[in-house]
Amino acid sequence: FLSINSPSPFKKNNILALITEGINTKNENRIPEMYIKIIAKIKEVLENTPANIGIFCASYKILNDLRMNGIVAMAKQTGKRLFIENSKNSASDNAHILSQFKIASKHNGGVLLGVCGGRNSEGEDYPGDLMNAVIIIGIPYQHPTSRNQAKINYYNKAFNGQGWVFAYLYPAMQRANQASGRPIRKESDRGAIVFMDSRYKDKMGWISEWVRDEVKICPDRKNVISTVFKRFWNRKD
Numbered sequence: 014f015l016s017i018n019s020p021s022p023f024k025k026n027n028i029l030a031l032i033t034e035g036i037n038t039k040n041e042n043r044i045p046e047m048y049i050k051i052i053a054k055i056k057e058v059l060e061n062t063p064a065n066i067g068i069f070c071a072s073y074k075i076l077n078d079l080r081m082n083g084i085v086a087m088a089k090q091t092g093k094r095l096f097i098e099n100s101k102n103s104a105s106d107n108a109h110i111l112s113q114f115k116i117a118s119k120h121n122g123g124v125l126l127g128v129c130g131g132r133n134s135e136g137e138d139y140p141g142d143l144m145n146a147v148i149i150i151g152i153p154y155q156h157p158t159s160r161n162q163a164k165i166n167y168y169n170k171a172f173n174g175q176g177w178v179f180a181y182l183y184p185a186m187q188r189a190n191q192a193s194g195r196p197i198r199k200e201s202d203r204g205a206i207v208f209m210d211s212r213y214k215d216k217m218g219w220i221s222e223w224v225r226d227e228v229k230i231c232p233d234r235k236n237v238i239s240t241v242f243k244r245f246w247n248r249k250d
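Number 52 in the working numbering belongs to position 39 of the sequence shown; there are no gaps in the numbering.
Calculated directly from the structure, the hints in this document are not laboratory data.
We put the CB at the ideal spot given by N, CA and C, even for glycine.
There's no promise every hint is true.
Heads up, simulated PhoX-like pairs for lysine-lysine below, C-alpha to C-alpha not over 25 Å straight-line [to be verified]:
{"hint": "1", "residue 1": "216", "residue 2": "229"}
{"hint": "2", "residue 1": "74", "residue 2": "101"}
{"hint": "3", "residue 1": "119", "residue 2": "56"}
{"hint": "4", "residue 1": "229", "residue 2": "24"}
{"hint": "5", "residue 1": "25", "residue 2": "199"}
{"hint": "6", "residue 1": "115", "residue 2": "199"}
Here are the computed distance ranges between Cβ atoms for each label pair [as the list claims (entries may be wrong)]:
{"hint": "7", "residue 1": "248", "residue 2": "226", "range": "17 to 25 Å"}
{"hint": "8", "residue 1": "113", "residue 2": "217", "range": "33 to 41 Å"}
{"hint": "9", "residue 1": "42", "residue 2": "170", "range": "29 to 37 Å"}
{"hint": "10", "residue 1": "235", "residue 2": "160", "range": "41 to 49 Å"}
{"hint": "11", "residue 1": "138", "residue 2": "217", "range": "45 to 53 Å"}
{"hint": "12", "residue 1": "138", "residue 2": "248", "range": "37 to 45 Å"}
{"hint": "13", "residue 1": "159", "residue 2": "244", "range": "45 to 53 Å"}
{"hint": "14", "residue 1": "182", "residue 2": "92", "range": "32 to 40 Å"}
{"hint": "15", "residue 1": "101", "residue 2": "158", "range": "20 to 28 Å"}
Given these sequences and hints, build the entire structure.
The structure is reproduced here in structure tokens:
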């Protein structure tokens, strides 16, 4: 792939980007204890971010597991209204959810829970208070299928054994990058981006340059996210 390096139009002071240690959403790690830890870290973001937040999961499986492990009750504790994307929703149903989510920014704030690669994480912009922070949970790899395996085989032959990179990793990071850019759409926007999976540390080269340049590794300790977010949002430029 050819790329063009150009300066970011966004002020560095307006971007907070974190990769969290202690979270890994590979299939074998998806146990209640892991989801409880994820929800605790999400709570630190919600409690220390003004107005609206987006949470985009790698899959509907992770989204539904978060629901089963207490994210609804946790969001209620923070006073922010939770809106949940549903793959079965019609376009008009989804538009209504987005409308209500955006209205919530004028009150106690809202939380939009959806998926990477979905209509809300790629086809919609949220400038200003419409989304001040985004959390990306997991790496949005496609579900293995015979068609995807055929792509891997094709790219292996075409690109000297790099089939997995071109057929799986590149599309996954494209989806993650699309989601990460939702809060920061204008030069004046200030936004926080949290990659909630430690595996992103090994994928730094695939993160959008304007985000990658600001990424910090967040240690797996209680209240670290809270402290970092308070400092970011309380700073007066």
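Each hint, compared with the structure:
1. 216 <-> 229: Distance of about 13 Å is within 25 Å: holds.
2. 74 <-> 101: holds (14 Å)
3. 119 <-> 56: Status holds; Cα separation ~20 Å.
4. 229 <-> 24: Since the Cα atoms of residue 229 and residue 24 sit roughly 16 Å apart, the hinted pair holds (cutoff 25 Å).
5. 25 <-> 199: Given pair residue 25, residue 199 holds - Cα atoms ~13 Å apart, limit 25 Å.
6. 115 <-> 199: holds (17 Å)
7. 248 <-> 226: 17 to 25 Å: holds (18 Å)
8. 113 <-> 217: 33 to 41 Å: At 36 Å between Cβs, range holds.
9. 42 <-> 170: 29 to 37 Å: holds (33 Å)
10. 235 <-> 160: 41 to 49 Å: holds (43 Å)
11. 138 <-> 217: 45 to 53 Å: violated (25 Å)
12. 138 <-> 248: 37 to 45 Å: violated (24 Å)
13. 159 <-> 244: 45 to 53 Å: Given range 45 to 53 Å: holds, Cβ gap about 49 Å.
14. 182 <-> 92: 32 to 40 Å: holds (38 Å)
15. 101 <-> 158: 20 to 28 Å: holds (21 Å)
In the structure shown, a violation is registered for the earlier hints numbered 11 and 12, in ascending order.
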